[in-house]
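Use these hints to put chain A onto chain B, whose structure you have.
There are 2 protein chains.
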Amino acid sequence: MDVKLLHTADWHLGKKLHGFDMLPDQSYILEQILQLAKEEKVDAIMITGDIYDRAIASNEAIQLGNQTFRKWNIDEQFPLLMISGNHDSATRLATGKEWFAANHFHLNTTIKESLTPITLGDCQFYLLPYVELIEARFFVENEGLVEEAPNSLSQVLQIIIQEMQKTFDPSKKHIFIGHLFVAGSLRQESETPLEIGGLQSVASDLFDVFDYAAFGHLHSATANLKGKVRYSGSPLKYSVGEYRDPKGVRVINTDLLADDFEQATRFVPLQPLREVYHLEASFEDLLYQRGKLKEYANDYLSVSLSNEEVIMQLMNQLRPLYPYLLNVTRKERQRLESATKRIPLSKINQPEALIQDFFVRLYEEPLTEQQQNWIKDAMNQVSGKDES
Amino acid sequence: MDVKLLHTADWHLGKKLHGFDMLPDQSYILEQILQLAKEEKVDAIMITGDIYDRAIASNEAIQLGNQTFRKWNIDEQFPLLMISGNHDSATRLATGKEWFAANHFHLNTTIKESLTPITLGDCQFYLLPYVELIEARFFVENEGLVEEAPNSLSQVLQIIIQEMQKTFDPSKKHIFIGHLFVAGSLRQESETPLEIGGLQSVASDLFDVFDYAAFGHLHSATANLKGKVRYSGSPLKYSVGEYRDPKGVRVINTDLLADDFEQATRFVPLQPLREVYHLEASFEDLLYQRGKLKEYANDYLSVSLSNEEVIMQLMNQLRPLYPYLLNVTRKERQRLESATKRIPLSKINQPEALIQDFFVRLYEEPLTEQQQNWIKDAMNQVSGKDES
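So the protein sequences, as listed, match chains B and A.
Residues in the first sequence are numbered consecutively from 18, following our numbering.
Residues in the second sequence are numbered consecutively from 18, following our numbering.
So here's chain B without its partners, still in its complex pose (with noise of 0.2 Å):
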């Protein structure tokens, strides 16, 4: 029997977006993803790690995730085959894992779970969990598949794969499923590989010997589109940076993957119950919302501000209109702070030159002469000299 899958991971439960708390947007989405899985008719949900933002998850975002694994799996009878993800800690993660299997809720925490197959249909899964280097090394040592572990996550790797293999059923599709950064080609790999997030890179090639290979802890769905390996992405923004990443999920058809890989596993954009956008703006616009300004009210905002003067309480006048507004950053402001830096030492004991100083770079004019009085005046009395 084919099998049609729906792939997501790194939901981060629990995230907060510049001070905004998440929870609501992350339940809006995993409803989507559920109302998706139902219309796709899909056989089973994929959540490749990441579940949980924090090791020790708030109270709120533990809710989240046991109520949506209970909905997606008791209620709806999903079967779900799930790894922690670098972010999740995965003794705590592991609670009530032996239980889930009875109901086809496959959550794999140590790598020693990876070698034992879950198989659906014509799908053979292997689920790796988020590993370190040194404790895959140790793995492969400790469990006799090498004498001495090599130092390389893709060698390390390699080596487990080679474990997996031995039980693939040629009869069957097989899926591989992990958190892990692939980069780069084993071929290709250098002395010094690359690492993101603190996690090594690992060589996209491995993973050729799998029909489909469903990755987590890259944010954007398109990050490596190379041979069998696929990410989801996110299913929301998670940083201003993301804010023009497609997000959604992916939705494979097992019985298309030798045919048409890309079309075998398509993406599916979701809509988010905010959108995170990131615009240039000056504070009138934003003030008046003019253009299309209004639209974005209830979103997040992040805006860069074509202003370079000083505009007091700035937050605390756009937050009415914008109650989502992340953050303001101004060109201006970075040239004068990348200024600021360039103060020749000489000045600091020259208060009257320093101030001075930055009058001109805030205002680009020089002081005039009452001003300079003032501030003379000003700074007698300070040091104690009265001139009267």
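Mixed in with the good hints, there may be bad ones.
For identical chains, the list gives no copy identity; a pair is met inside one copy or between any two copies.
Straight-line C-alpha distance at most 20 Å; calculated SDA-like pairs for lysine to any residue [what the hints assert, rightly or not]:
#  : residue 1 : residue 2
1  : LYS129    : GLU160
2  : LYS88     : ASN120
3  : LYS189    : ALA281
4  : LYS88     : PRO41
5  : LYS88     : THR108
6  : LYS88     : GLU115
7  : LYS129    : ASN83
8  : LYS190    : LEU273
9  : LYS88     : ALA118
10 : LYS21     : LEU51
11 : LYS309    : ASN120
12 : LYS129    : ARG87
13 : LYS88     : THR127
14 : LYS129    : GLN80
Bear in mind the hints are in silico, worked out from the structure with no lab data behind them.
Below, chain A without anything else, positioned relative to chain B:
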């Protein structure tokens, strides 16, 4: 079918005793409880709250908890009836409970769940997790059980128990499972109810409608032996103050409950990995391991020292002989400490008099003239006066 039950509570996994990690003791005693359950061929195990010592338990504590439940429920197939206690986080402990139930592991963490009895053989079980008064009041109001909830926990519980009684099958026995401080009776209940560990007391006679009321919270199995109320007590001594308490579990033969309640709910003592002893001894007794002291060397030891003199590096001298030495208290030291509080304020500004006083209290003889001169010189040097 009559059922035989094992009742245990207050494991406090992850608890430290004077800095000593008790996980090995806990692992050992849990294994003994399992062996007893197998020998006694019990039909189910009741675990009446405070599984973990803290709301956010350590990874190691969670590992022991998960491993214990897996072994008892999945490997050995014992039905488990469990509730969260005041030390547990109900939300965190709840993870997996919907899957557990399919394997007769019944874990209640909300009041609402307590109204649906679990039936096992000829018994109906009502599992009420630890709950704050305010939460219980909201519950009875929101469920429409009462117009306005009363202010005492006993009275709110009475309403909840009345609801439970509506589902009583008269052909069955009824067993209450709770994590409460049971004390006094409804008739005597004063306007200022007792509290322990932040938990308001509830009246014993509330539980007269049950055939057995299994409690957690109080660590002594003999804490309250009124009516149908029984504590199992903690399986280990979790403070020096408990050193005389027998520790173990209760084994309940439900067929005997009506005829001989005491015999039907017998207490079975357990042998811990290390005992907790409290001794009076001299430093010399301890150092030369006089009497039975050598026998205590591998147990947790709290010593009340009979010596009056100062002993340098006391703990460092004793620890090699008594690696599990918890603490040493000193009668003399106590006398000194209380004496210290009685130093007249006037002396605080007379350093020499203060030092003199200190030496008298410590050595019970006055300073020599030479010693007094040394102090005088030292004080002069400190204050900058030079008498040379």
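Outcome of the hint check:
Within a single copy, LYS129 and GLU160 get their C-alpha atoms as close as 9 Å, which meets the 20 Å cut-off; across copies the closest is 48 Å, which misses it. With identical chains, the CA atoms of LYS88 and ASN120 are at most 20 Å apart both within one copy (13 Å) and between copies (19 Å). In this homomeric assembly, LYS189 and ALA281 come within 20 Å of each other (Cα to Cα) only inside a single copy, at 16 Å, whereas the closest approach across copies is 58 Å. In the homo-oligomer, the alpha carbons of LYS88 and PRO41 lie at most 20 Å apart inside one protomer (17 Å), although the nearest pairing across protomers, at 37 Å, exceeds that limit.
In this assembly of identical chains, the alpha carbons of LYS88 and THR108 lie at most 20 Å apart only when taken from different copies (17 Å versus 23 Å within one copy). Proximity of LYS88 to GLU115 under the C-alpha cut-off of 20 Å is found in both arrangements, the shortest distances being 18 Å within a copy and 10 Å between copies. Taking identical chains as interchangeable, the C-alpha atoms of LYS129 and ASN83 lie at most 20 Å apart only when they sit on different chains, with a minimum of 18 Å there against 25 Å within one chain. Taking CA atoms no more than 20 Å apart as the test, LYS190 paired with LEU273 passes inside one copy only; the shortest distance there is 11 Å, against 59 Å between copies.
For a Cα distance limit of 20 Å, the shortest separation of LYS88 from ALA118 qualifies both inside one copy, at 16 Å, and across copies, at 15 Å. Taking CA atoms no more than 20 Å apart as the test, LYS21 paired with LEU51 passes inside one copy only; the shortest distance there is 14 Å, against 44 Å between copies. Taking CA atoms no more than 20 Å apart as the test, LYS309 paired with ASN120 passes in neither setting, with 49 Å inside one copy and 56 Å between copies. In this assembly of identical chains, LYS129 and ARG87 lie within 20 Å of each other by CA distance solely across copies; the values are 18 Å between and 26 Å within a copy.
In this assembly of identical chains, the alpha carbons of LYS88 and THR127 lie at most 20 Å apart only when taken from different copies (18 Å versus 25 Å within one copy). In this assembly of identical chains, LYS129 and GLN80 lie within 20 Å of each other by CA distance solely across copies; the values are 17 Å between and 29 Å within a copy.
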